[in-house]
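S.K.: If you want the building blocks of each chain, they are given just below.
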Amino acid sequence: MRPSTDERVSTGVPGIDDMLKGGLISGRPYVISGTTGSGKTILAIQFLHQGVKQGERALLVAIDEPPQEIRENVRALGWDVGKIRILDVHPATKAYSKRVSLVEVAAQRSVGSLRDAGPSAKTEAMKAASPDVSVQSLQLMLKQELQEIKYSRVVIDSLTSLKKLSESMGDTNSSIMSLLRYLSESGVTSLIITDLPDPAELEPEMFICRGEIRLHKRMVANRIDRFVTIEKFRGSPHDPMPRPMSISDTGISVDSKKKIPKASLKMLQAFT
Amino acid sequence: MIKDKVKTGVTGLDDMLEGGLIPGRAYVVSGTSGTGKTALAMQFLLEGARCGERVVYVSIDEPPNEVKQNTRAFGWDIGRIQVFDATPDVMNYDKTPVRDVSTERKVVYFSDIGPGIRQTSEKNPVDMTISTLQEILKQEMRARKYSRIVVDSLTSLRYFYIKTSEENATLMSFFRLLSDLGVTALLTVQLPEISKPDVEVHVARGEIRLHKWFDGRGLMRGITVEKYRGSSHDNRLRMMKMSSTGLDVKTQAPEKREQAAEEEGPPIEDTDLPEPPAPSDVAPAPPAVPIPVEPDNQSPPAGLPPKPVEHHKDGGGI
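Residue numbers (my numbering), protein chains in the order written: chain A, 1 to 272; chain B, 1001 to 1318.
No wet-lab data here; the hints were simulated from the structure.
Remember, predicted model here, so these are calculated numbers, not experimental data.
Fair warning: there could be bad hints in the mix.
[Said to hold, decoys possible] Label pairs and their calculated CB-CB ranges: (1) B/Asp-1094 - A/Ser-253: 44 to 50 Å; (2) A/Ala-200 - B/Asp-1248: 27 to 33 Å; (3) A/Glu-69 - B/Glu-1166: 43 to 49 Å.
[Stated by the list, open to error] Straight-line alpha carbon distances no greater than 25 Å define the calculated BS3-like cross-link-like pairs of lysine-lysine that follow: (4) B/Lys-1163 - A/Lys-164; (5) A/Lys-53 - A/Lys-150; (6) A/Lys-266 - B/Lys-1241; (7) A/Lys-21 - A/Lys-217; (8) B/Lys-1250 - B/Lys-1005; (9) A/Lys-258 - A/Lys-21; (10) B/Lys-1123 - B/Lys-1106; (11) B/Lys-1241 - A/Lys-257; (12) B/Lys-1138 - B/Lys-1163; (13) B/Lys-1241 - A/Lys-21; (14) B/Lys-1138 - B/Lys-1005; (15) A/Lys-53 - A/Lys-83; (16) A/Lys-143 - B/Lys-1123; (17) B/Lys-1123 - A/Lys-150; (18) B/Lys-1145 - B/Lys-1106; (19) B/Lys-1163 - B/Lys-1196; (20) A/Lys-217 - A/Lys-262; (21) A/Lys-258 - A/Lys-217; (22) B/Lys-1007 - B/Lys-1241; (23) B/Lys-1250 - B/Lys-1007; (24) B/Lys-1241 - A/Lys-259.
Each residue gets a CB set at the ideal place from its N, CA and C atoms; glycine is no exception.
Next up, chain A with everything else stripped away, as it sits in the complex (with noise of 0.2 Å):
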């Protein structure tokens, strides 16, 4: 067995924890990918949500969405997130306000409307919004922040629209490597959210980070057919089986003993 300095952190799925044979190490970056609307953001807030139940210190910095959407969108799945800490990065926010909190959660929404668009064209509208965000400011903003508050968890929300927004303003892959080192000095256990990586293209932080979590999404008939795979995980053992997923009023939950359909594993065999 291995020795218990390897502090680990809970996901807030059950079932990713298991397939990561008891969840991510600490203070290391982990990558997040998928298709629009494969749930990577709900995996997220779930992450975040799991830091602040535990009395932890948890940051959001949405980049995608606006706050309020964000807001709304968790109201369906009942959770208090109200603990949860937001750096508003949207483009849309001239002047970024500082820690808006996501406070009171009711009402019923469906999950389903969770980020339909896609979220390239989304942020050629933003870029054209304001060009002012970058992954070197964000660096900059986030030392600020953590200078005042002591996050175990901080979860970008995505690095793909960062990276297209700050396209023209210099930045480089050694400020990618900077920004995710940056978060692994203080101490912070970080999801980076990402589109699915295009295969033939090899971006920096896929190589940089310590794990991939990678979330897949099929239509099977006229239903989703929603499955987990671990496609990096350094330091530790982890399940190499691609696990089915679900997405309900209470958030993500992975089956870590079930198979997946035989269907869906085919399609996985033609791209791995």
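With chain A's structure known, arrange chain B on it following the hints.
M.R.: Just chain B now, with coordinates in the frame of chain A:
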């Protein structure tokens, strides 16, 4: 025929390389993420350390404290491997003068690496460049005469330390430096899921490629020698396992893939670096879906690109 080849530390791989690597040359270990590049590189250094050689690990993607933590489960004693922390600092984005990194960072033993990540100096972050790295390597080689070096990874070196416009020339000069130093080098290269040949593979004297793919039974691993100048080598894909002590290459050529799967036994637990003895509460993945396989299919399954690109059967590259 070249005598006194350098053993890689992975027995089956040495067989594939007809004894090992030719000393004093630079080789690439390539593969997608999680294929075992760092594990192979570490085994190469451990083998050297076991023989009393001086060996050094240049860490660029991962902080040494994490590398150390990750290898622990293999039960390796990496304390005698020396390590140079070439991971970049957090960028300051101020226009403060940056200092030469060679005065700030030293080669140390892994046994001296603590559990925490090195903190960027608040006032004086250092700026690592390819030229300072080359300078440090030269100084270190003069002082300590290493016989083996690992650069993990060359991909990070390219992405973070080399300007795109000068990429090819700089990489060539880096390889040139290594060969001038007379050190046997393993450089890891991260491949995207679909890859095309890149410059470092052309410049290297050989390429060992690690593969993983998914079949109905679970995760399968393989290894190929894509290129090996100046030596004959095994041209086939060989099955590989990550065991609790490291990489384990099977040189028995499976005639059929099904047979290979049988020899492999039940799918093993996957791991990126260390794999502790499989916990008993984890059931092996069930045998699952039968996948149609051509009866005489010796080539790897779809998605794998392990066609050997170049064969130098008889010292072609000298």
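S.K.: Now, for every hint given, state plainly whether the structure supports it.
M.R.: Cross-check of the supplied hints:
1. Taking 44 to 50 Å as the suggested C-beta distance range, the pair B/Asp-1094 and A/Ser-253 conforms, at roughly 46 Å.
2. Checked against the given bound of 27 to 33 Å, the beta carbons of A/Ala-200 and B/Asp-1248, roughly 31 Å apart, stay inside it.
3. Checked against the given bound of 43 to 49 Å, the beta carbons of A/Glu-69 and B/Glu-1166, roughly 44 Å apart, stay inside it.
4. Pair hint B/Lys-1163 plus A/Lys-164 holds up; C-alpha atoms about 21 Å apart against a cutoff of 25 Å.
5. Using a Cα cut-off of 25 Å, the hinted pair A/Lys-53 and A/Lys-150 holds, with the two alpha carbons roughly 16 Å apart.
6. Annotation: proposed proximity of A/Lys-266 to B/Lys-1241 holds, straight-line Cα distance about 23 Å (limit 25 Å).
7. Restraint check for A/Lys-21 and A/Lys-217: the C-alpha separation of about 24 Å stays at or below 25 Å, so the hint holds.
8. Proximity of B/Lys-1250 to B/Lys-1005 is assessed by CA-CA distance (about 20 Å); at most 25 Å being required, the pair is judged to hold.
9. Under the criterion of a C-alpha separation no larger than 25 Å, the hint pairing A/Lys-258 with A/Lys-21 is consistent with the structure, at around 16 Å.
10. Taken as a hint, the B/Lys-1123 and B/Lys-1106 pair is honoured in the structure, with Cα atoms around 19 Å apart against an allowance of 25 Å.
11. Of the pairs offered as hints, the one joining B/Lys-1241 and A/Lys-257 holds, with about 23 Å between alpha carbons and a cut-off of 25 Å not exceeded.
12. Simply put, B/Lys-1138 and B/Lys-1163 have alpha-carbon atoms about 22 Å apart, close enough for the 25 Å limit, and the pair holds.
13. A threshold of 25 Å between alpha carbons decides the hint, and for B/Lys-1241 with A/Lys-21 the separation of about 20 Å falls inside it, so the pair holds.
14. A C-alpha spacing of about 24 Å is found between B/Lys-1138 and B/Lys-1005, which places the hinted pair at or below 25 Å, so the restraint holds.
15. A threshold of 25 Å between alpha carbons decides the hint, and for A/Lys-53 with A/Lys-83 the separation of about 9 Å falls inside it, so the pair holds.
16. A hinted pair counts as satisfied when its Cα atoms are at most 25 Å apart, and A/Lys-143 with B/Lys-1123 qualifies at roughly 14 Å.
17. Distance restraint check for B/Lys-1123 and A/Lys-150: the Cα-Cα separation of roughly 21 Å lies within the 25 Å cut-off, and the hinted pair is therefore satisfied.
18. Only pairs whose Cα atoms come within 25 Å are accepted, and B/Lys-1145 paired with B/Lys-1106 is accepted, the gap being roughly 16 Å.
19. With a C-alpha separation of about 21 Å, the suggested pair B/Lys-1163 and B/Lys-1196 falls inside the 25 Å cut-off, and the hint holds.
20. Proposed proximity of A/Lys-217 and A/Lys-262 is supported: the alpha carbons are some 14 Å apart, at most 25 Å.
21. Taking the CA atoms of A/Lys-258 and A/Lys-217, the gap is near 17 Å; set against the 25 Å cutoff, the hint holds.
22. Using a Cα cut-off of 25 Å, the hinted pair B/Lys-1007 and B/Lys-1241 holds, with the two alpha carbons roughly 19 Å apart.
23. A hinted pair counts as satisfied when its Cα atoms are at most 25 Å apart, and B/Lys-1250 with B/Lys-1007 qualifies at roughly 16 Å.
24. The straight-line distance between the Cα atoms of B/Lys-1241 and A/Lys-259 is roughly 23 Å, inside the 25 Å bound, and the hint therefore holds.
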